[in-house]
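Enquirer: These are the residues of each chain, in order.
2 protein chains.
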Amino acid sequence: MTERVVAVLGRGLTDPQEPAVTADDLGLTRGDGCFEATRVVTAEDGRHTVDHLEQHLDRLARSAVGLDLPEVDRAAWLALIEQALGDWSRPGEAMLRLMLSRGRESASDGPVTGVLTLTPVNPETLRQRRDGIDVITLDRGTSSTAFAAAPWLLGGVKTLSYAVNVAGLREAKRRGVHDVLFRSSDGYVLEAPTSTAVWLRAGILHTTPTGGTGVLASITQQALFAAAERGGWPTAATLARPGELLDADGLWLVSSGRGVARVRTLDGQPVECKPGVTEQLAGFAGF
Amino acid sequence: MTERVVAVLGRGLTDPQEPAVTADDLGLTRGDGCFEATRVVTAEDGRHTVDHLEQHLDRLARSAVGLDLPEVDRAAWLALIEQALGDWSRPGEAMLRLMLSRGRESASDGPVTGVLTLTPVNPETLRQRRDGIDVITLDRGTSSTAFAAAPWLLGGVKTLSYAVNVAGLREAKRRGVHDVLFRSSDGYVLEAPTSTAVWLRAGILHTTPTGGTGVLASITQQALFAAAERGGWPTAATLARPGELLDADGLWLVSSGRGVARVRTLDGQPVECKPGVTEQLAGFAGF
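Chains V and X, in that order, give the protein sequences.
Counted the way this note's numbering counts, the first sequence spans residues 167 to 453.
Counted the way this note's numbering counts, the second sequence spans residues 167 to 453.
Excised from the complex, chain V in its bound form (with noise of 0.2 Å):
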């Protein structure tokens, strides 16, 4: 069964095993692209659902007039994830990954690289969903006002230059917790590497507000709200200090793989949450 799937725009599927972009594509020198990430999951009878793929594919949209791309080709990435599901078969969850980058620095007027890869997820994003998480505060270096009137600063955009991101990761990892939650130079709570803090308050969801945080606006945040909204919940983007989330009534990093991970701790300190609630959430996130 194929564990793992690779397609090109403009060349259709590849083997994974080979090489896909040149040395000199600038996705790889720079980081100067975008990408998004979404689940996919595969009935028995191989069946595909693709979470929120019309907003994935906005948010491309999004990210690549951020970094002044060429308008997103719509047609072709669907065109290009039809033919990569049809050959997926593997019942269970995956995640579906688009990569643009701005493409080869030799061919400073030359197309776009479109790069997708399907590969299942992993085991331990479906523990942590399951058990919930351990994480700690650790600062961003920019303040919740940095990226107002700063476009080049690229708030917002979900760009492939993640290597802070990654290292705030292995930080995690090396105090012995599954995750990060980035603070502003300030002190406000912003995100995590990979996913979008969500807090329950005075019976109000939170999470941080977009714009001058820098904060990537979040698929699964906004499925989330808009569902708890419908089911009488209300909802408020607010800046917090991670005090403030340590006697909320719920906290959790939710994000398109994921989904709903309960935050157990936060910098050593028990965070509590009502029996249920996570479930609630999640059901509401679509998992």
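Don't read these hints as lab results, they were simulated from the structure.
Among the clues, some could well be false.
Pairs involving identical chains hold if they fit within one copy or between any two copies, as the list cannot separate such chains.
In the DMTMM-like style, the derived pairs of lysine to aspartate or glutamate whose C-alpha atoms are separated by at most 20 Å in a straight line are [to be verified]:
1. 339 x 275
2. 440 x 415
3. 339 x 300
4. 339 x 234
5. 339 x 297
6. 339 x 271
Remember, it's a predicted structure, so these values are computed and weren't measured experimentally.
The hints should help you fit chain X onto chain V, whose structure is shown.
Expert: Chain X alone, transformed into the frame defined by chain V:
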């Protein structure tokens, strides 16, 4: 004549037109790696001079430490560089670039990826070295002390995650100038996206301190300062505001490709420079 050489650690020379890294290489998917770039001068008889190769390999090794990558295999890189230069006879200046990534996501304990490219220096680079440049300052969003106690922010590590650097350069182009000098959120001069600021004030050559600023230790600036000191010029690492640079006796952006480029205007204001000083500093830096 060969216009471009690509070589890969463990494989040797490869066709520059063919893909060199896989779709799941962490250098591509996360910008999770580091790089070096230096100048190669090739004489008419085909003999090569590589600028400061040992220092660049030293810095690559330090970047690898900063990223928790395995120890840099210096002998392997030197052999790969020798092989690449053996295929390069184009007289004039070229850029040698070494890229090191964490390797493939699908092989968590697998080997790192090492890619080398050799390309002619861009004519625009040579023009800027000769004629000087116009520069704007842009806020980098981080304070001058942000990196001091936060190794996960990767200050001083020359990572592949350069999306903000190239976004800064696009902003410069949009505003009709050549380059950007980033300033900290507390108003101090940091560095340019791919070069380092050097200025002359009251007979002293200055550059920005590394450490808490996150600024990369520049090999070209270090070579320049070492030669200048031998020539009797005092030097200093100084936190300065852009206004202090405007009434300096000269301001330059220095890097391994462009050499010592005189800044003619900063934020639209002229920057004075005594005749002959640029040429003298270029000589110190080996250009």
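Enquirer: Tell me, which hint numbers fail for this structure?
Expert: none
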